[in-house]
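Just so we're aligned, residue 1 is where the sequence shown starts under the working numbering, counting upward by one.
Just so you know, not all the hints are guaranteed correct.
[Said to hold, decoys possible] Across the chosen pairs, the derived CB separations fall in these ranges:
#1 G293 - R94: 37 to 47 Å
#2 T157 - S114: 16 to 26 Å
#3 G141 - S239: 22 to 32 Å
#4 P26 - R74: 11 to 21 Å
#5 A125 - S239: 42 to 52 Å
#6 P26 - L124: 34 to 44 Å
#7 D18 - S114: 31 to 41 Å
Simulated from the structure, these hints should not be mistaken for laboratory data.
Backbone N, C-alpha and C define an ideal beta-carbon position, used for all residues, glycine too.
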Amino acid sequence: MNPRGLEGSVVALVTPFDENGQIDFPALDRLVDFHLQNHTDGILVLGTTGESSPMTDAEDYAVAERVVKDVAGRIPVIGGAGSNATHESLAKSRGLAELGVDGLLLITPYYNKSNEEGIYQHFLAVLDDVDLPVILYNIPGRTGCSISERNVARLCTHPNVMGIKEASGNISYASTVAQYLSDDFRMYSGNDDMVVPILSLGGSGVISVWADVQPQLVHDMVMSYLEGDVRRARDIQISGLELVHSLFCEVNPIPVKAALAMMGMITESYRQPLWPMTDEHRARLRAALVAAGVIE
(Lines of atoms letter the chains of each structure in order from A and count residues from 1; the text may use other names and numbers.)
(Lines give C-alpha, C1' and ligand atoms only; values in the text may rest on other atoms or scores of the structure.)
Protein backbone atom coordinates (compact mmCIF):
# COMPACT_ATOMS: atom_id res chain seq x y z
CA MET A 1 0.00 0.00 0.00
CA ASN A 2 1.38 3.39 -0.98
CA PRO A 3 1.46 5.60 2.15
CA ARG A 4 1.79 8.86 0.21
CA GLY A 5 -1.03 11.18 1.14
CA LEU A 6 -1.45 9.42 4.49
CA GLU A 7 -3.70 11.36 6.85
CA GLY A 8 -4.92 10.58 10.35
CA SER A 9 -3.50 8.66 13.27
CA VAL A 10 -0.42 6.48 12.85
CA VAL A 11 0.21 4.46 15.99
CA ALA A 12 3.77 4.20 17.25
CA LEU A 13 3.34 0.54 18.13
CA VAL A 14 4.95 -1.02 21.20
CA THR A 15 6.85 -4.28 20.89
CA PRO A 16 5.35 -6.66 23.48
CA PHE A 17 7.70 -8.98 25.35
CA ASP A 18 6.72 -11.98 27.44
CA GLU A 19 7.78 -12.58 31.04
CA ASN A 20 11.08 -13.98 29.77
CA GLY A 21 11.83 -10.90 27.71
CA GLN A 22 11.17 -12.53 24.36
CA ILE A 23 8.94 -11.05 21.67
CA ASP A 24 5.33 -11.97 22.40
CA PHE A 25 3.97 -12.57 18.91
CA PRO A 26 0.41 -13.50 19.97
CA ALA A 27 0.21 -10.21 21.87
CA LEU A 28 1.58 -8.41 18.81
CA ASP A 29 -1.18 -9.98 16.72
CA ARG A 30 -3.78 -8.78 19.23
CA LEU A 31 -2.41 -5.23 19.15
CA VAL A 32 -2.56 -5.09 15.36
CA ASP A 33 -6.13 -6.39 15.38
CA PHE A 34 -7.04 -3.81 18.05
CA HIS A 35 -5.83 -1.02 15.78
CA LEU A 36 -7.50 -2.36 12.68
CA GLN A 37 -10.81 -2.55 14.56
CA ASN A 38 -10.43 0.99 15.93
CA HIS A 39 -9.66 2.81 12.68
CA THR A 40 -5.97 3.51 13.17
CA ASP A 41 -4.79 4.89 9.84
CA GLY A 42 -1.27 3.49 9.83
CA ILE A 43 1.17 1.52 11.98
CA LEU A 44 4.76 2.45 12.77
CA VAL A 45 6.89 -0.47 13.94
CA LEU A 46 10.39 -0.28 15.44
CA GLY A 47 10.26 3.36 16.44
CA THR A 48 11.19 4.76 19.84
CA THR A 49 7.98 3.32 21.29
CA GLY A 50 8.75 0.00 19.60
CA GLU A 51 11.85 -0.36 21.80
CA SER A 52 14.00 -1.28 18.82
CA SER A 53 17.31 -0.06 20.22
CA PRO A 54 17.85 -3.04 22.58
CA MET A 55 16.57 -5.53 19.99
CA THR A 56 18.66 -7.45 17.48
CA ASP A 57 18.29 -6.95 13.75
CA ALA A 58 16.75 -10.43 13.53
CA GLU A 59 14.13 -9.45 16.12
CA ASP A 60 13.42 -6.18 14.31
CA TYR A 61 12.84 -8.00 11.06
CA ALA A 62 10.67 -10.64 12.74
CA VAL A 63 8.40 -7.93 14.21
CA ALA A 64 8.14 -6.08 10.92
CA GLU A 65 7.40 -9.26 9.01
CA ARG A 66 4.67 -10.27 11.46
CA VAL A 67 2.95 -6.87 11.39
CA VAL A 68 3.08 -6.70 7.58
CA LYS A 69 1.48 -10.16 7.47
CA ASP A 70 -1.19 -9.27 10.04
CA VAL A 71 -2.11 -6.00 8.35
CA ALA A 72 -2.31 -7.64 4.93
CA GLY A 73 -2.34 -4.38 3.04
CA ARG A 74 -5.30 -2.83 4.85
CA ILE A 75 -3.39 0.20 6.18
CA PRO A 76 0.20 1.38 5.63
CA VAL A 77 3.01 -0.11 7.71
CA ILE A 78 6.00 2.17 8.28
CA GLY A 79 9.27 0.68 9.49
CA GLY A 80 11.69 2.54 11.74
CA ALA A 81 15.12 2.26 10.11
CA GLY A 82 17.07 4.90 11.98
CA SER A 83 20.61 4.60 13.27
CA ASN A 84 23.50 6.88 14.19
CA ALA A 85 25.61 5.00 11.62
CA THR A 86 24.62 5.66 8.02
CA HIS A 87 25.61 2.21 6.77
CA GLU A 88 23.46 0.58 9.45
CA SER A 89 20.44 2.74 8.59
CA LEU A 90 20.92 1.86 4.93
CA ALA A 91 21.19 -1.87 5.64
CA LYS A 92 18.10 -1.83 7.85
CA SER A 93 16.15 0.16 5.26
CA ARG A 94 17.00 -2.42 2.63
CA GLY A 95 16.02 -5.27 4.94
CA LEU A 96 12.67 -3.74 5.86
CA ALA A 97 11.94 -2.99 2.22
CA GLU A 98 12.45 -6.66 1.38
CA LEU A 99 9.95 -7.60 4.11
CA GLY A 100 7.24 -5.49 2.51
CA VAL A 101 6.89 -2.39 4.68
CA ASP A 102 5.17 0.45 2.87
CA GLY A 103 7.47 3.23 4.03
CA LEU A 104 10.36 4.10 6.32
CA LEU A 105 10.93 6.43 9.26
CA LEU A 106 14.48 7.83 9.45
CA ILE A 107 15.73 9.58 12.55
CA THR A 108 18.62 12.04 12.71
CA PRO A 109 21.94 10.40 13.69
CA TYR A 110 21.99 10.52 17.48
CA TYR A 111 25.01 10.71 19.82
CA ASN A 112 27.65 11.51 17.19
CA LYS A 113 25.10 13.93 15.66
CA SER A 114 27.23 15.25 12.75
CA ASN A 115 27.16 18.68 11.12
CA GLU A 116 24.48 20.02 8.76
CA GLU A 117 25.96 18.54 5.59
CA GLY A 118 26.63 15.20 7.29
CA ILE A 119 22.99 14.93 8.37
CA TYR A 120 21.86 15.77 4.85
CA GLN A 121 24.14 13.11 3.35
CA HIS A 122 23.01 10.61 6.02
CA PHE A 123 19.41 10.87 4.82
CA LEU A 124 20.39 11.09 1.17
CA ALA A 125 22.26 7.78 1.31
CA VAL A 126 18.99 5.96 2.06
CA LEU A 127 16.77 8.13 -0.12
CA ASP A 128 18.90 7.48 -3.19
CA ASP A 129 19.19 3.75 -2.56
CA VAL A 130 15.83 2.47 -1.27
CA ASP A 131 12.76 3.12 -3.39
CA LEU A 132 10.23 3.57 -0.58
CA PRO A 133 8.47 6.68 0.74
CA VAL A 134 10.36 8.09 3.72
CA ILE A 135 9.25 10.14 6.71
CA LEU A 136 12.08 12.19 8.22
CA TYR A 137 12.09 12.22 12.02
CA ASN A 138 13.04 15.36 13.94
CA ILE A 139 13.30 14.77 17.69
CA PRO A 140 16.28 16.70 19.07
CA GLY A 141 15.36 15.88 22.66
CA ARG A 142 16.27 12.26 21.94
CA THR A 143 19.04 12.68 19.37
CA GLY A 144 20.78 15.90 20.38
CA CYS A 145 20.48 17.32 16.86
CA SER A 146 17.80 18.71 14.60
CA ILE A 147 17.01 18.77 10.90
CA SER A 148 17.87 22.32 9.91
CA GLU A 149 15.49 24.43 7.86
CA ARG A 150 18.03 24.32 5.01
CA ASN A 151 18.07 20.53 5.10
CA VAL A 152 14.28 20.38 5.17
CA ALA A 153 14.22 22.60 2.10
CA ARG A 154 16.73 20.36 0.31
CA LEU A 155 15.22 17.03 1.32
CA CYS A 156 11.51 17.79 0.92
CA THR A 157 11.77 17.77 -2.89
CA HIS A 158 13.44 14.35 -3.07
CA PRO A 159 11.06 11.93 -4.83
CA ASN A 160 11.35 9.40 -1.99
CA VAL A 161 10.52 11.84 0.81
CA MET A 162 6.84 11.92 1.83
CA GLY A 163 6.96 13.93 5.03
CA ILE A 164 8.43 14.78 8.40
CA LYS A 165 7.56 13.63 11.90
CA GLU A 166 8.04 16.81 13.91
CA ALA A 167 8.67 16.11 17.59
CA SER A 168 10.79 19.02 18.72
CA GLY A 169 7.95 20.57 20.70
CA ASN A 170 8.97 23.89 19.14
CA ILE A 171 5.98 25.47 17.42
CA SER A 172 8.23 28.10 15.83
CA TYR A 173 10.26 25.36 14.12
CA ALA A 174 7.06 23.63 13.02
CA SER A 175 5.81 26.92 11.57
CA THR A 176 9.02 27.23 9.58
CA VAL A 177 8.70 23.68 8.26
CA ALA A 178 5.10 24.40 7.28
CA GLN A 179 6.18 26.62 4.41
CA TYR A 180 7.48 23.52 2.61
CA LEU A 181 4.31 21.44 2.96
CA SER A 182 2.53 20.15 -0.11
CA ASP A 183 0.61 17.10 -1.26
CA ASP A 184 4.02 15.42 -1.65
CA PHE A 185 5.55 16.56 1.66
CA ARG A 186 3.42 16.29 4.78
CA MET A 187 3.98 16.99 8.45
CA TYR A 188 2.94 14.66 11.25
CA SER A 189 2.98 15.67 14.88
CA GLY A 190 5.34 13.61 17.01
CA ASN A 191 3.93 15.12 20.20
CA ASP A 192 0.53 13.94 21.39
CA ASP A 193 -0.10 17.19 23.26
CA MET A 194 0.43 19.29 20.09
CA VAL A 195 -1.59 17.46 17.44
CA VAL A 196 -4.20 20.14 16.82
CA PRO A 197 -1.61 22.97 16.75
CA ILE A 198 0.36 21.03 14.12
CA LEU A 199 -2.82 20.40 12.13
CA SER A 200 -3.53 24.13 12.22
CA LEU A 201 -0.21 24.69 10.42
CA GLY A 202 -1.20 22.33 7.63
CA GLY A 203 -0.19 19.04 9.22
CA SER A 204 -1.74 15.78 8.09
CA GLY A 205 -1.89 13.81 11.32
CA VAL A 206 0.09 12.35 14.18
CA ILE A 207 2.49 9.48 14.83
CA SER A 208 1.12 8.73 18.24
CA VAL A 209 1.84 7.00 21.53
CA TRP A 210 -1.59 8.03 22.85
CA ALA A 211 -3.14 5.99 20.02
CA ASP A 212 -1.71 2.82 21.58
CA VAL A 213 -4.41 3.06 24.26
CA GLN A 214 -7.17 5.17 22.60
CA PRO A 215 -6.83 4.55 18.86
CA GLN A 216 -10.38 5.45 17.89
CA LEU A 217 -10.29 8.73 19.80
CA VAL A 218 -6.98 9.85 18.30
CA HIS A 219 -8.24 8.96 14.82
CA ASP A 220 -11.44 10.92 15.50
CA MET A 221 -9.51 13.96 16.72
CA VAL A 222 -7.42 14.19 13.56
CA MET A 223 -10.23 13.44 11.14
CA SER A 224 -12.57 15.88 12.87
CA TYR A 225 -10.05 18.64 12.28
CA LEU A 226 -9.36 17.65 8.68
CA GLU A 227 -13.10 17.49 7.98
CA GLY A 228 -13.66 20.98 9.38
CA ASP A 229 -14.91 20.25 12.92
CA VAL A 230 -12.17 22.19 14.65
CA ARG A 231 -14.13 22.53 17.90
CA ARG A 232 -14.46 18.76 18.34
CA ALA A 233 -10.80 18.21 17.54
CA ARG A 234 -9.80 20.89 20.03
CA ASP A 235 -12.06 19.44 22.72
CA ILE A 236 -10.57 15.95 22.28
CA GLN A 237 -7.05 17.37 22.40
CA ILE A 238 -7.66 19.32 25.58
CA SER A 239 -9.66 16.63 27.38
CA GLY A 240 -6.95 14.08 26.64
CA LEU A 241 -4.06 16.07 28.07
CA GLU A 242 -3.96 14.44 31.50
CA LEU A 243 -3.75 10.97 29.97
CA VAL A 244 -1.16 12.16 27.45
CA HIS A 245 0.95 13.72 30.18
CA SER A 246 0.63 10.55 32.25
CA LEU A 247 1.85 8.50 29.28
CA PHE A 248 5.00 10.62 29.34
CA CYS A 249 5.50 11.00 33.11
CA GLU A 250 8.48 8.67 32.66
CA VAL A 251 10.53 7.97 29.57
CA ASN A 252 8.59 6.45 26.67
CA PRO A 253 7.70 3.56 26.28
CA ILE A 254 7.66 2.68 29.98
CA PRO A 255 4.25 4.24 30.81
CA VAL A 256 2.47 3.16 27.63
CA LYS A 257 3.54 -0.44 28.13
CA ALA A 258 2.32 -0.23 31.73
CA ALA A 259 -0.99 1.18 30.46
CA LEU A 260 -1.41 -1.63 27.94
CA ALA A 261 -0.69 -4.15 30.68
CA MET A 262 -3.39 -2.53 32.86
CA MET A 263 -5.73 -2.94 29.87
CA GLY A 264 -4.87 -6.65 29.67
CA MET A 265 -3.31 -6.29 26.23
CA ILE A 266 0.31 -7.22 26.99
CA THR A 267 2.66 -8.36 29.73
CA GLU A 268 4.50 -5.45 31.31
CA SER A 269 7.99 -6.41 30.23
CA TYR A 270 10.89 -4.23 29.09
CA ARG A 271 14.44 -4.56 27.84
CA GLN A 272 17.04 -2.96 30.07
CA PRO A 273 17.95 -0.23 30.71
CA LEU A 274 14.19 0.45 30.75
CA TRP A 275 12.63 -0.40 34.09
CA PRO A 276 9.09 -0.48 35.55
CA MET A 277 7.74 2.90 36.61
CA THR A 278 7.59 4.19 40.17
CA ASP A 279 4.54 3.55 42.35
CA GLU A 280 3.70 7.27 42.32
CA HIS A 281 3.69 7.50 38.55
CA ARG A 282 1.86 4.20 38.21
CA ALA A 283 -0.95 5.51 40.43
CA ARG A 284 -1.19 8.67 38.34
CA LEU A 285 -1.32 6.66 35.12
CA ARG A 286 -4.01 4.32 36.44
CA ALA A 287 -6.12 7.26 37.61
CA ALA A 288 -5.82 8.89 34.18
CA LEU A 289 -6.84 5.68 32.42
CA VAL A 290 -9.87 5.34 34.72
CA ALA A 291 -10.86 8.97 34.20
CA ALA A 292 -10.61 8.48 30.42
CA GLY A 293 -12.82 5.38 30.59
CA VAL A 294 -10.08 3.09 29.28
CA ILE A 295 -10.13 0.86 32.38
CA GLU A 296 -12.42 0.60 35.39
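Okay, the hints, checked on the actual structure:
{"no.": "1", "hint": "G293 - R94: 37 to 47 Å", "result": "holds, 43 Å"}
{"no.": "2", "hint": "T157 - S114: 16 to 26 Å", "result": "holds, 21 Å"}
{"no.": "3", "hint": "G141 - S239: 22 to 32 Å", "result": "holds, 25 Å"}
{"no.": "4", "hint": "P26 - R74: 11 to 21 Å", "result": "holds, 20 Å"}
{"no.": "5", "hint": "A125 - S239: 42 to 52 Å", "result": "holds, 43 Å"}
{"no.": "6", "hint": "P26 - L124: 34 to 44 Å", "result": "holds, 40 Å"}
{"no.": "7", "hint": "D18 - S114: 31 to 41 Å", "result": "holds, 38 Å"}
Every hint from the earlier list agrees with this structure, and none is contradicted.
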